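The listed protein sequences correspond, in order, to chains A and R. In terms of the working numbering, the first sequence is numbered consecutively and its last residue is 110. In terms of the working numbering, the second sequence is numbered consecutively and its last residue is 135.
Hints in this document: simulated from the structure, not taken from any laboratory. Bear in mind that the values here come from a model prediction, so they are computed numbers and not experimental data. From the three backbone atoms N, C-alpha and C, an ideal C-beta is built for every residue, glycine too. Treat each hint with caution, since some may be false.
[What the hints assert, rightly or not] Distance windows between CB atoms, simulated: (1) SER33(A) to ALA92(R): 29 to 35 Å; (2) ALA92(R) to ASP74(A): 30 to 36 Å; (3) GLY39(A) to TYR5(R): 47 to 53 Å.
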Amino acid sequence: MEFSTSEQPGAVVVHCRGRLNMVAAPRLKELLSSTVESGGQRVVVDLTGTDFVDSSGLGALVGGLKRCRQAGGDLRIAGAGQQVLTVLSLTNLDRVLRPYADVAAAVDGW
Amino acid sequence: MAGDYSLDGLAVPASLEELHELLERVGTEHPQVAAEDLMMLETALVEVAANVIDHGRPAGSVLWTVRLAVRDDRLECLLSDTAQPADVDLGAASLPEDPESEHGRGLVLARAALDRLEHVRVAGGNVWRLVRLRR
């Protein structure tokens with residue numbers, strides 16, 4: 001999985017391309033922590049290019065969410081495909097990590 | 001038998017890629033299988049495999065064999081591992097009480113994605129049976 005970051009007004013966007021499984025999850029968690037430490041309190045995780053997520057990937061997203069909130073910010077996910085949406089729903093995590101259609105929708109009115 | 005696949009590997013994180021590739025190959029060679037059924041089986045298989053990687057002992061030297069069959073009514077996958085017998089109660093697996101927990105969803109997710117998930121201790125390891133009925 002490849003990660004990159006970009007800036008949107010008021011938010012840092014972390015783009016994730018590939019499969020977010022137990023290999024990639026610790027790297028994402030670390031990246032989200034360092035993003036918050038660098039002052040990015042509002043983070044959008046762009047899952048447009050994420051083909052697959054497993055429970056460890058979900059854990060990394062939840063961990064990132066908590067990290068952002070501890071810093072007074074928030075984390076939103078955007079652009080999730082069918083597998084990611086299904087997995088969020090089957091684990092009830094769509095209540096904790098509400099999926100936004102795309103990055104623009106996630107930062108809109110934030 | 002047509003539609004049967006087999007894969008041997010070491011139960012380490014790097015081997016997960018081979019499982020993803022196996023499912024991709026099944027999808028390419030069986031275009032009539034619904035994408036959702038393959039996606040659900042892949043989701044469950046990766047969770048079961050991750051569980052073996054995380055908890056299988058001796059860590060780092062457990063081997064697995066994955067067999068996958070495409071049938072008219074179902075996708076069936078057997079993952080046999082050489083780990084010490086796993087002390088796991090699949091029926092008792094439930095989502096974490098803390099909705100913001102970072103762990104503890106894997107086997108619940110695997111069960112939810114399947115129609116049947118079984119674990120049997122056998123001589124020299126464990127067998128995990130995953131069945132997804134075709135929609």
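Hints, verified against the model:
1. Under the hint 29 to 35 Å, the C-beta atoms of SER33(A) and ALA92(R), about 33 Å apart, fit the expected range.
2. For the pair ALA92(R) and ASP74(A), the beta carbons lie near 34 Å from each other, so the given range of 30 to 36 Å is met.
3. The beta-carbon spacing between GLY39(A) and TYR5(R), approximately 49 Å, falls within the hinted interval of 47 to 53 Å.
Every hint from the earlier list agrees with this structure, and none is contradicted.
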